[in-house]
Amino acid sequence: MAAVTHYAADVAALARKDLLIELRSRDTVPAMLLFVVSALVVFRFSLPADASNLAATGLLWIAVIFTALLGLTRAFVPEREQRLMDALVLSPCDRSAIWLGKALSVVAFLVLAEAIALPAFALFFAPVSWETAAAFALADLGIAAVGTLLAAMAAVTRARELLLPLLFLPLAVPIVVGGVGASVEPDPARYLAFLGLYDLLFAILAWASFEYVVTE
Amino acid sequence: MSTSLRNNAAVAVALAAAVLLLTAIALALYWAPNDADQGFSQRIFYIHVPVALTAYACFGWGAWKALRLLWTREARYDLESYTAVHMGVIFGVLTLVTGSIWARISWGVWWSWSERQLVLFLILFLFYSAYFMLRYSTDPGPRRARMSAVYALFGVVLIPISFLAIRLAENFIHPVVFTRDGPQMAGSMFFVFCMSLAGTLALAAALYLNELAGKRLDERLRELREALA
Chain A
-7 MAAVTHYAAD VAALARKDLL IELRSRDTVP AMLLFVVSAL VVFRFSLPAD
43 ASNLAATGLL WIAVIFTALL GLTRAFVPER EQRLMDALVL SPCDRSAIWL
93 GKALSVVAFL VLAEAIALPA FALFFAPVSW ETAAAFALAD LGIAAVGTLL
143 AAMAAVTRAR ELLLPLLFLP LAVPIVVGGV GASVEPDPAR YLAFLGLYDL
193 LFAILAWASF EYVVTE
Chain B
320 MSTSLRNNAA VAVALAAAVL LLTAIALALY WAPNDADQGF SQRIFYIHVP
370 VALTAYACFG WGAWKALRLL WTREARYDLE SYTAVHMGVI FGVLTLVTGS
420 IWARISWGVW WSWSERQLVL FLILFLFYSA YFMLRYSTDP GPRRARMSAV
470 YALFGVVLIP ISFLAIRLAE NFIHPVVFTR DGPQMAGSMF FVFCMSLAGT
520 LALAAALYLN ELAGKRLDER LRELREALA
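Listed in order, the protein sequences are those of chains A and B. Each residue of the first sequence is one higher than the one before, counting from -7 in the numbering used here. Each residue of the second sequence is one higher than the one before, counting from 320 in the numbering used here.
Same shape as in the complex, but just chain B (with noise of 0.2 Å):
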């Protein structure tokens, strides 16, 4: 295990966030031709939707983490589930504060429950948060890990079951108003969009790379103090 400060993974990956994000930010505000129906504000599209999917992609990535956990019993398995799975929280509460603010502009709501998305992260983030409960309230050891590592994998399974939920749901909670048929996207704002997707990643990745180094000089400092006491 490497305890080096040093981390020049890292360091490229945030640098090509930084370069990518900001590259389509720019692009998202002055280059992309404005949405005919949606106008200026449709451009909160080119954030929302690639940060959403940098959160599946967190989940997916701490499940493929936890899987591995369960398969091979290596326990640097579990610090890298889990902070995928904090990656994929903080994603997912972006998630949700950039949908809500689309839908307060275009519905001139906060909230809309026929909004198949937000609805889905919202019982994702509560699922989510009771994974950290479940954690904290766990003595550290392989026991914890393997049970975090379980409720890792639930997570993933329950993301297409909700979202299957979600859709049946929307027959008997609220009339569909809001259809969107397909992307019909121009050329270049799928360009954009790809950027965006593209730096969301990296910087989701970056922040991963961080956290984890993080939290591995916290595990060895607590050995060390542990060994000396």
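Isolated chain A, as found in the complex (with noise of 0.2 Å):
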């Protein structure tokens, strides 16, 4: 039980740790909201005036999942600039919880930048459903789960942000499908199940090998 708790408390400090830079450079989340408004604002100019809103729900997830790409990017960069990630890793914690943490700041990041999407969405296209809402939620999770990992592994390459969108959108495709059925099919328990199901899995592995990859 002490060891949960401590492990919580690693967990707590490191996500901490995270939204107070974002609090004090603020960075990455104003980024993010201009962003995913300005890619809601394309998008309209980029459907046809017959188009139905059920497209427009369909590119409300992709602003959503580049969105979350941008902020993705920039997830490990203090981490690099500082040069902080050897000292994390010598920190006498686990090394998941570095990832758990830095995926729960993504996480708000990502719910930030909804709180504006959804409302813009609805005010330029069509009013969101609640089966919607809770497909992001469930997004989120996903997203965060496998984005962290994968920003991680980026931020030691030489491509850096240029590679980050080509690991991530293959594993992007399950979560857009979840996330699309769940917005614009009338049975929308299977693909939120599905989206349960993914962030599961993904959480797990990622979880289990993340210590793998920002090891020396």
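Wrong hints could be hidden among the right ones.
To be verified - So these bits of chain A aren't anywhere near chain B, every CB distance computed over 10 Å:
(1) V(-4)
(2) S17
(3) L25
(4) D42
(5) V99
(6) I108
(7) P119
(8) E123
(9) G170
(10) G173
(11) T207
Claimed, not checked - Here are a few chain A residues that face chain B, going by a calculated C-beta distance under 7 Å:
(12) Q74
(13) R75
(14) L155
(15) V169
(16) L193
Source of the hints: derived by calculation from the structure; they are not laboratory data. Remember, predicted model here, so these are calculated numbers, not experimental data. Where a beta carbon is used, it is the ideal one built from N, C-alpha and C, also for glycine.
Starting from two chains that each stand alone, build the complex the way the hints lay out.
Written out as structure tokens, the structure reads:
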């Protein structure tokens, strides 16, 4: 039990550190908010006048996935610039706690971006259903779980920002399927269940494998 | 580590692959009965499906070696995993090409989003292409080996998840037009299919052994060169 509390305290401290950095520097979230609204406006002009709102819903998902990518490319920038990663790896905490703390802060950023994106979508296109909001909540977990691990990988490569979308997008296909399905299908439950399954599988995999990615 | 150019196992497997594949192709073309619905063109089935299954086998083998690498931290598994994924991508591209040809002949289109296997292989192709980008963009060493291994493991989880996703997506992307009710295969067809599958697997194994030997030589050569420099 003590180990669990200790682990949770580590995770909370790491997530708090990321949120504090963001609160003081405001490097990432404002960019994400502006990006998601700009993307929606651009998408408005990419649709023919008689396009259905179903098509717009699909584009909403694309806008959020790209916004998430924007945030994820920045996720490990402070660690890299301040050479913090080595210190984190040396610190007496479980390595997976670094992943979980970072993933939680990514979820927080995503929720903020969607808190803008969904009302903006409702204003520009069509009302947003509860199922869509639930699907975004589930998708955030999957995006953060997979994206944080891949961002840690990409951060140590030469290509860095260039590589992350290539690594991430094929893995995002199931998220888009589950999300769009839950948003447009009459029977959203199975799509939400599918998103839950995705979150579970990939969160376990990322949690277990993060250590191998960050250690020299 | 053996650096001898003579690689008896690879030669034997290559010979077996040649015999099996040539026999399977001959049987598929001249002996197997025509399919009742699709006629002669159905015979591409004896190449397309074994190639697809071989690609899965390669990805699975690569992931198994990746798991061994993370488990034992033995460096040799890195090259083995990489080579297996490399073969998987080659057979995956072959699957896409043969599937595309089959779609053209059967349905008159080069690409059909309602063909699950093809869509899955497209996603896998993109995924494993990124695997190569990851490798080329990282300096060689234990860290690259582990990152590649983790990504290869993600691949085998992505395969069933994507398959499920594609089945779910059919409901809203495209109505299911072409349903195939179970493989109602005649015994002779099944025999040819099994032979072709064995041949393709042997071909993949031969290529794998050959490529692995080549990559090991490469590595050894680089080490020697560094030692001399």
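Results for each hint:
For A/V(-4), the condition that its CB be more than 10 Å from all CB atoms of chain B holds, with the nearest at approximately 25 Å. Every beta carbon of chain B lies more than 10 Å from that of A/S17, the smallest distance being close to 27 Å; the non-interface claim holds. No Cβ of chain B approaches the Cβ of A/L25 within 10 Å, the least distance being about 28 Å, so the stated non-interface status holds. Every Cβ of chain B is farther than 10 Å from the Cβ of A/D42; the closest lies at roughly 19 Å, confirming the non-interface assignment.
No Cβ of chain B approaches the Cβ of A/V99 within 10 Å, the least distance being about 20 Å, so the stated non-interface status holds. Remark: the non-interface label on A/I108 is consistent with the geometry, its nearest Cβ contact in chain B lying 26 Å away (cut-off 10 Å). Taking the minimum C-beta to C-beta distance to chain B, about 19 Å, the non-interface status of A/P119 holds against the 10 Å cut. A/E123, annotated as away from the interface, keeps every beta carbon of chain B farther than 10 Å; the closest lies near 14 Å.
Its closest Cβ contact with chain B, about 7 Å, brings A/G170 to no more than 10 Å, contrary to its assignment away from the interface. For A/G173, the non-interface assignment is contradicted: its Cβ lies about 6 Å from the closest Cβ of chain B, within the 10 Å cut-off. Listed as a non-interface residue, A/T207 fails to keep its Cβ farther than 10 Å from every Cβ of chain B; the least gap is roughly 8 Å. A cut of 7 Å between beta carbons decides the hint on A/Q74: the least distance to chain B is about 20 Å, and the hint is violated.
With a least beta-carbon distance of about 16 Å to chain B, the hint placing A/R75 at the interface is violated under the 7 Å criterion. Interface restraint check: A/L155 against chain B, minimum CB-CB distance 6 Å, threshold 7 Å, status holds. Restraint check, A/V169 versus chain B: the minimum CB separation of about 4 Å is within 7 Å; hint holds. Annotation: A/L193 was flagged as interfacial toward chain B, and the flag holds, the nearest CB pair being 6 Å apart, inside 7 Å.
The structure does not agree with the numbered hints 9, 10, 11, 12, 13 stated previously, though it agrees with the rest.
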